[in-house]
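The listed protein sequences derive, respectively, from chains W and C.
Numbering-wise (this note's numbering), the first sequence opens with residue 1 and increments by one.
Numbering-wise (this note's numbering), the second sequence opens with residue 1 and increments by one.
Keep in mind that the hints were calculated from the coordinates and are not lab data.
Quick caveat: nothing in here was measured; it's all calculated off a predicted structure.
Ideal placement from N, C-alpha and C gives every residue a C-beta, glycine not left out.
Take these hints with a grain of salt, some might be off.
[Said to hold, decoys possible] PhoX-like cross-link-like pairs, simulated, lysine-lysine; straight-line CA separation at most 20 angstroms:
| id | chain 1 | residue 1 | chain 2 | residue 2 |
| --- | --- | --- | --- | --- |
| 1 | W | K18 | C | K311 |
| 2 | W | K127 | C | K164 |
| 3 | C | K164 | W | K105 |
| 4 | W | K73 | W | K99 |
| 5 | W | K43 | W | K74 |
| 6 | W | K171 | W | K136 |
| 7 | C | K232 | C | K204 |
| 8 | C | K170 | W | K105 |
| 9 | C | K232 | C | K138 |
[Claimed, not checked] Selected chain W positions facing chain C (in silico; Cβ < 8 angstroms):
| id | residue |
| --- | --- |
| 10 | Y15 |
| 11 | G19 |
| 12 | P59 |
| 13 | D60 |
| 14 | G131 |
| 15 | F149 |
| 16 | E228 |
| 17 | A231 |
[To be verified] Per label pair, the in silico range of CB-to-CB distance:
| id | chain 1 | residue 1 | chain 2 | residue 2 | range |
| --- | --- | --- | --- | --- | --- |
| 18 | C | K276 | W | T38 | 27 to 35 angstroms |
| 19 | W | E107 | C | A186 | 14 to 22 angstroms |
| 20 | W | K211 | C | D182 | 39 to 47 angstroms |
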Amino acid sequence: MYKIAHLYPKELNLYGDKGNILYLTYFLNQIGIKSEVTDIGLKTNITEDFDFIFSGGGPDSLQNLVYKDFLTKKDFLIKHIEMNKPSVFVCGSFQLLGKYYLNSKNEKVPGLGIFNFYTQSPLNQNKRIVGNTYFKFKESFFGNTVVGFENHNGRTYLEDKLTPLGESFSKDSGNNDFDKGEGLLYKKTLGTYLHGPLFVKNPNILEFLLKDLFIRQKNLDLKTFYPEFVAHQNVLNKKF
Amino acid sequence: MFKTFSKIHLSIISFFLIKISYLLKFFKLGNGSTLPGLLLQKLPLNYLSIYFKYFDSKYIFITGTNGKTSTTALLNQLLLESGYTVLSNLTGSNLKRGILSAFSLGFNSYKRHSPNFCVFEVDEASVPGIIESFPKDKVFSLLVLNLSRDQLDRYGEIDILVDKINDSFKDFIKYNLFLKKDNYTANFNEPYFLANKDSGEFKKACVKLRLLTKDHLIENFSFIFTLLKELKVFVNYEKITPFKQVPGRGNNYYFNGVKVNLNLTKNPASFNINLKQLPVESENILIYMNDNIPDGHDVSWFYDIDYELLKEALKGKNTYVAGSRSTDFFNLLNILGIPAFNYSNLNNTLLFCSSWGFKDLYILSNYSATRHLVKEFAENKNV
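When you get a sec, could you build the whole thing from the sequences and use the hints?
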């Protein structure tokens, strides 16, 4: 049984992020692997290990609330990440993995500090980074592009030698206004600003995360994922 | 002095804008309800502020994620049939430019005597910008019908939107804010009125207006009912004719012998409502989804629809998807194990339905898709 932890599904549930959990279980089923999803909410004690962790994005107002609870799960997260197990953090939860988040009201929300990066929001809300986007990813399954939709006010700045998840097509897209980096990649941990059903549009992301499982499933028929490929291509065909 | 100067100035402007609007309609380049306002926005003066000052009317702004157009139409009907004069933006053009267009195109009718009421549907993200131009010594009423996740690319976060609306009130001595008891209410600053739908008087009015089948319309009518009470505006509900829905909000059309029920469905909340109202006897469902500018380019909201409701509602039905984002919706249905046909092309889908002798078709369509269908059905073409 493949065990999936969905962190804060009630608090961090903006913009169709739960579609990723829906697709992950569907995808596993398609390749013949049974799975179960455990919702981890505020004050839930974690007493077991998981194979996959997912956490979505949420509004500024809930990040403070989630942060306090997130802290109690820091050791669990570090252990999971360092064991090279897959985990995906979208937007708000991605920001909380860093050192701090300076929100649009100029309030400093401390992050877990698992990674050396910080995020700050410009005070002018009209400067949100919004739109369909794509970036280059090192893994090639249905090509090496990742497509999605971003909408965030926070600008993330990676420090040290942290690697972004990919290189965006434009510097007006991705983590901040200065470099083309999008998200964060560390072992099998992904941070990203791409909201919504990321996995549905990008089977290559799942291929990267679940590579070990793929190797075990020898009879995998790639044609199964044809509609997802079409959706991916449709977004790529749009003018950026 | 202001009035005399403005009357001449605004009359000249209206003269030209009415001509432009007429030409747009004549050459079928649009409905002429947006460009006049857009042109006024290009000029250096704040015309919205000038119009607000010019007309001594009771101002009512209606906003929210869902139900703005229907609620504005219903309030218009109640006021007009009660003998009041009303200036409104009934075309659904609800950004600043739409309100400017309504003012400029309606100016000549009211330049001598202000209408009793100015009722404007306002896009929720445009509320702060419009209130900003409103004279601080006048009183307005704002109805916030509901706020929920809509187009990701236009609205960002709801919290931020509420903060902006709250901020826009701060310089006013008096305003009337109407809300319903909901999750978002707590984020608004007091004072506010809560829409009341519990009184016997309200229930009687619903019966008289025949608002029994559409739950969400009853909810929105409770705002109107509470507003009219607070403003002490008398409406004799006995004499009001039954409310006729705005095109694309549950109306029936016919093409090639197929009875079509068209339902605007532009975000998860409206999708869930329309799924709940899907008639048991409807056998054929068309989901028509585009990603044009009025729809927003983001379709991640598909994944915020209630999955269980979707599965239950479409069980045993023939489901078709069409539009520029049909593949995205088809993928969702596929993942949920709901059988569907992805034709992408609307014309092919409708021709398929008529050629196979379908008796009915229940359509869930987002903004540009609904607009397209209303136009085509109104022209009585075989789409």
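| Hint numbers not upheld by this structure, sorted from lowest to highest | The structure breaks none of the hints.
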